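Enquirer: Sequence order for the protein chains is A and B.
Residue numbers for the first sequence follow our numbering, beginning at 1 and rising by one.
Residue numbers for the second sequence follow our numbering, beginning at 1001 and rising by one.
Among the hints, a few may not be true.
[What the hints assert, rightly or not] In silico BS3-like links for lysine-lysine, alpha-carbon gap of 27 Å or less:
(1) A:Lys55 x A:Lys37
(2) A:Lys50 x A:Lys68
(3) A:Lys68 x B:Lys1044
(4) A:Lys26 x A:Lys68
(5) B:Lys1044 x A:Lys50
(6) A:Lys68 x B:Lys1041
(7) B:Lys1044 x A:Lys55
In case anyone wonders, no lab produced these hints; they're calculated from the structure.
Keep in mind the model is a prediction, meaning the values are calculated, not measured.
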Amino acid sequence: QQPVQSPQAVILREGEDAVINCSSSKALYSVHWYRQKHGEAPVFLMILLKGGEQKGHDKISASFNEKKQQSSLYLTASQLSYSGTYFCGTDQISSGSARQLTFGSGTQLTVLP
Amino acid sequence: EAGVTQFPSHSVIEKGQTVTLRCDPISGHDNLYWYRRVMGKEIKFLLHFVKESKQDESGMPNNRFLAERTGGTYSTLKVQPAELEDSGVYFCASSQHRGGMDGYTFGSGTRLTVV
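Bound conformation, chain A alone (with noise of 0.2 Å):
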């Protein structure tokens, strides 16, 4: 079953923070964020495992609590570059032995300068 990214949209100014949730109705096994920039190929962004994972890199940093089977991504401070969609991708232990992600609809966003 797909999950449900929150918010669908957000604009921000430079130097704002942003948070985008993805909640799942399943168990997981761990969780993905992509972000893609229009006409390119998603991106790799990181991946959570179970256990309240959290992790992050320069301005951009992600919590995974495996109890809620939610997580969200954080961005802080903004750069015109954050621009995008961002995806999260959920790996659900109901899927068997197939592991394959199932991907929110994105939350889309710009940073203005």
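Starting from the known structure of chain A, arrange chain B on it as the hints suggest.
Expert: Then chain B, alone, in the frame of chain A:
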């Protein structure tokens, strides 16, 4: 390291015609996935290869779609005959490890328009 390559980047065909999309994954990546994104909606799973075997094809819409991965290298996705609702961006992705623990590497996609 070369990335995931998809060909063509764009295709416009008439309803009822046939189109074949190709994906060259990263060399050594056993896992190859096809996804489709229709205007503003989610990136929807189509199927998953492990080497040359179809691991899961539960996302394939109907029997007009045929995917192959001969020899476990590149993959093709054929749509025959194409319908209007097949329009969208078809993405291919590959990963080395099961469950994509190393992250998926996506291609830039093939934008298919059926008119």
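Enquirer: Against each hint, give a clear statement of whether it holds in the structure.
Expert: Do the hints match the structure? See the list:
no. : hint                : result
1   : A:Lys55 x A:Lys37   : holds (22 Å)
2   : A:Lys50 x A:Lys68   : holds (11 Å)
3   : A:Lys68 x B:Lys1044 : holds (23 Å)
4   : A:Lys26 x A:Lys68   : holds (10 Å)
5   : B:Lys1044 x A:Lys50 : holds (24 Å)
6   : A:Lys68 x B:Lys1041 : holds (24 Å)
7   : B:Lys1044 x A:Lys55 : holds (26 Å)
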